[in-house]
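Participant: Sequence:
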Amino acid sequence: ETLIEVVQSPAPSQPNTTDSPDVIDTLAITDTLTTAASQIAIGLSDVTDSLINHISVQ
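Position 33 (the sequence shown) corresponds to 33 in the UniProt record's numbering; numbering is contiguous.
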């Protein structure tokens, strides 16, 4: 809520509809990055486990 107020305060003449899509896009990008980061972390842990298993077998 504070971010929206900061964005709207310099230009009160603009309607709220011009600011809300930007906020929605930012939230969508944040969700996408969070999901990608978690998937990368899972992939790295899988690779680490397979490397540990491969080394321990040898």
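Don't take every hint at face value.
[Said to hold, decoys possible] Have a look at the derived ranges for each label pair, beta carbon to beta carbon:
#1 Asp31 x Leu51: 27 to 37 Å
#2 Ile24 x Gln58: 50 to 60 Å
#3 Leu44 x Ile24: 23 to 33 Å
#4 Ser56 x Thr26: 37 to 47 Å
If you are wondering where the hints come from, they were derived from the structure by calculation, not from laboratory data.
Just so you know, even glycine gets a beta-carbon here, dropped at the ideal spot from N, CA and C.
Participant: For each hint, tell me whether it holds in the structure or not.
Facilitator: Tested hints:
1. Asp31 x Leu51: 27 to 37 Å: Holds - the Cβ-Cβ distance for Asp31 and Leu51, about 31 Å, lies within 27 to 37 Å.
2. Ile24 x Gln58: 50 to 60 Å: At 51 Å between Cβs, range holds.
3. Leu44 x Ile24: 23 to 33 Å: 31 Å, holds
4. Ser56 x Thr26: 37 to 47 Å: 45 Å, holds
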